[in-house]
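Q: Residue-level listing of the chains:
4 protein chains.
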Amino acid sequence: MEKEEIRLSTRERILNVSIKLFEEKGYHGVSVDEIIEESGSSKGGFYHNFKSKEELLFTIHDQYIQYTLARGYECYKAEGTPIERLASIIRDLLIGIDKYKASVTVFFQDYRYLTGENYKIVEKKRDEYVEIMLKILEEGIKSKEIRSELPPKILAMAIFGMVDWTYIWYQKEGQYSIEEIADIFVDIIINSVLKNDLKDKERYAPFFLKNKI
Amino acid sequence: MEKEEIRLSTRERILNVSIKLFEEKGYHGVSVDEIIEESGSSKGGFYHNFKSKEELLFTIHDQYIQYTLARGYECYKAEGTPIERLASIIRDLLIGIDKYKASVTVFFQDYRYLTGENYKIVEKKRDEYVEIMLKILEEGIKSKEIRSELPPKILAMAIFGMVDWTYIWYQKEGQYSIEEIADIFVDIIINSVLKNDLKDKERYAPFFLKNKI
Amino acid sequence: MEKEEIRLSTRERILNVSIKLFEEKGYHGVSVDEIIEESGSSKGGFYHNFKSKEELLFTIHDQYIQYTLARGYECYKAEGTPIERLASIIRDLLIGIDKYKASVTVFFQDYRYLTGENYKIVEKKRDEYVEIMLKILEEGIKSKEIRSELPPKILAMAIFGMVDWTYIWYQKEGQYSIEEIADIFVDIIINSVLKNDLKDKERYAPFFLKNKI
Amino acid sequence: MEKEEIRLSTRERILNVSIKLFEEKGYHGVSVDEIIEESGSSKGGFYHNFKSKEELLFTIHDQYIQYTLARGYECYKAEGTPIERLASIIRDLLIGIDKYKASVTVFFQDYRYLTGENYKIVEKKRDEYVEIMLKILEEGIKSKEIRSELPPKILAMAIFGMVDWTYIWYQKEGQYSIEEIADIFVDIIINSVLKNDLKDKERYAPFFLKNKI
DNA sequence: GATGAATGAGACTTCATTCAT
DNA sequence: TATGAATGAAGTCTCATTCAT
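From first to last, the protein sequence lines are chains R, V, Y and S. Taken in order, the first sequence gives residues 1 to 213; the numbers are from the working numbering. Taken in order, the second sequence gives residues 1 to 213; the numbers are from the working numbering. Taken in order, the third sequence gives residues 1 to 213; the numbers are from the working numbering. Taken in order, the fourth sequence gives residues 1 to 213; the numbers are from the working numbering.
To be clear, the hints were calculated from the coordinates, so they are not data collected in a lab. Treat the hints loosely; a few may be bogus.
One side of the interface only, derived from the structure: several residues of chain R facing chain V at Cβ under 8 Å [claimed, not checked]:
1) Gly26
2) Trp169
3) Ile178
Label pairs and their in silico Cβ distance ranges [as the list claims (entries may be wrong)]:
4) Y:Ala205 x S:Lys153: 48 to 54 Å
5) V:Leu69 x Y:Asp33: 29 to 35 Å
6) S:Asn196 x Y:Asp33: 57 to 63 Å
7) S:Glu138 x Y:Ile168: 56 to 62 Å
8) V:Gly174 x S:Ser52: 45 to 51 Å
9) S:Lys135 x Y:Gln171: 19 to 25 Å
10) S:Lys172 x Y:Glu54: 44 to 50 Å
All C-beta atoms in this analysis are idealised placements derived from N, C-alpha and C, irrespective of residue type, glycine included.
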């Protein structure tokens, strides 16, 4: 336990420690004893703060998806054309992954171990986020910015795949910063989805790389 | 145990059954007892065929990555321009995911539970596959088909993310067949990476959708 | 579980019970389940107190050798000629074997099942005890009490053999008490090692039997 | 499996290999699989030759005690005074321990794992051997060579302890040969048991060391 | 005589959870 | 609120033995 952590509440310390441990070893690779140990807590302290180990897992999931969902709504409601909002939601997701990489890893690796209501609640919010993406894409098609040949559902999944997959390979100390990666991804996606006859328009130029990386 | 399975060897039956169970519940969500039960085998039969539960997990991983790697090399060595070979490797990966979806799910969800040498062997082959993709992209840049602004490493990760993520959402009985999804993904990727001045060329036309879906 | 045992700690109860069971059936002849049952404990209780079954075995070994070693040092450091101290260390060992017969049996029968560090720690203490005996014998040779023809190392092994072997045949309810056996053994050993010209000296008389048994 | 072993029968190879393995790791530390492997045999081969693993253990025990018992009777029936025969039985035991050290180790360490009839048969022969020793000692007392103060039963146990214990510490490549050790042990024992007024007699001189080691 | 795949009882151990203090 | 000893269900794995070939 690091000194700084002592000031935090037991609950906070358990959450911080378990996110890191789950990221590293997976939910089933970490025992409650280990969490107790690393967080400088106790059995009693743990079960006083969390009904069960799964509730801890749920809390981690819910914290992340709740935060992400809120950001998603902000992007969706922001001013701008669908393409602009698409670009901003992609950037935003990536920044969130960078910032909460451990939580994201737990989110994508261990969601299967949520049961019953816990699973449903998280699933519902995740679906809600997909809906946001779908709405942006459909609005883009309606506004004739986005190519209509690409089925929005598949397109959404392609975008999520590209973006979410970063939790597997992206490293903070790597060659590219998250902002640079965001620039590249935005270029790739906008280039794919933007109608060809719009690509020369000045207003879309900011989405494309100009040998800047 | 289904009747058809009886003819297979114990090892085969255990592999088939465990791939499905691991896909559904995760490696740690399935006990050896459950595998025994479902495969119509026994404790002894299991441990006669596999040194440990982890060796079974490794076997599933190795089978998939070995198959995929072989296909990857075939695509790489095939005739055609880098763009053509890029398109074919994408299609191929997706067909593999469709065909071996359960194995793929295990591969991406439970690789973290491989330890020591088991992990290293799988990691090495996975990295080898990434190398194939990188070489194709770099050859495309050299041959001036692929835009040089996109760093190949990030581009490769974007492609893998888009393609591999399908294991999460793709369903055989879904609205789109794997071939249709492959067409869409190829369109998205080629559209992103192909130099703009080449997009009108007749020879690249087959990579782009024409409202056919 | 006997009533009296309930007041003891779980750890204590497990130790007492397992020493008796190991003596009777050998380390591998007793299961953890059996120890649990007999000690009125539980799986969790057992593993809360001992990291493993082997750690329990180690604890039994270490307790005995630690006690014996301490007694050995006391005898070595006590006042008296080497012969007197030799006699007292022999008596002391036998009293320890009588008192802790079950532990001694485990010590000599199951030490081979200690692994790694556990084995080394016990081995080191056992060797330390041998060193004490060797020092006494060498001091006796130097002081011209003990015959110099007998190599101390072999002599020490002969003495240990004679004494330690009692764990196999000695029984508390047998014909001879441990004190009587000690008298006999001391007679045998002193008679063997004492220089012949000293045997008539008054001061060595107490080491020899006078038809008293 | 060494080449030389191939010519031996399966039964012989299993016996040789298992004696060595049991000596090293103890009966319960060696599995039938390991014996199969090391002896270049098979499950079928093993169970064709031995009804069970315990029967193998019994065979090892019985071979050794049978051989030893036969030698014991020879010593007992040989010409000579009780003291001479006592000396020869001690030498003989030690030579047997040297020659069959692995079997002896198994004999003393793993006899407890023999059950029922197997145990009884071995126990009976072991007791028979003790009887031989007792008879020699009693004859020595009757013939006034051996001191009557030493109870024969305890004396026998002291002698067996001294001698049998060698299986624990004696090593073929050690500083002293088994013959030298036998000389020392005979000196120790005869010196202890021989009446003091006989020690100067010429005929007992050969039993005592004269700085020859 | 020999083979080795298969058996299944039972071994050791882990671990989320409870509860008296 | 917090503690940590204790619980016991469930997990992975071992191993002597059997039996169809």
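Q: Each hint needs a verdict: does it hold in this structure or not?
A: Consistency of the hints with the structure:
1. Gly26: 5 Å, holds
2. Trp169: This interface hint holds because 5 Å falls under the 8 Å limit.
3. Ile178: 11 Å, violated
4. Y:Ala205 x S:Lys153: 48 to 54 Å: For lysine 153 of chain S against alanine 205 of chain Y, whose Cβ atoms are near 25 Å apart, the range 48 to 54 Å is violated.
5. V:Leu69 x Y:Asp33: 29 to 35 Å: Between leucine 69 of chain V and aspartate 33 of chain Y, where Cβ atoms are some 48 Å apart, the hint is violated.
6. S:Asn196 x Y:Asp33: 57 to 63 Å: 58 Å, holds
7. S:Glu138 x Y:Ile168: 56 to 62 Å: Given about 22 Å between the Cβ atoms, the range is violated.
8. V:Gly174 x S:Ser52: 45 to 51 Å: 59 Å, violated
9. S:Lys135 x Y:Gln171: 19 to 25 Å: 22 Å, holds
10. S:Lys172 x Y:Glu54: 44 to 50 Å: The hint (44 to 50 Å, Cβ to Cβ) is violated, given that lysine 172 of chain S and glutamate 54 of chain Y are roughly 30 Å apart.
Checked against the numbered hints above, the structure breaks hints 3, 4, 5, 7, 8, 10 and satisfies the rest.
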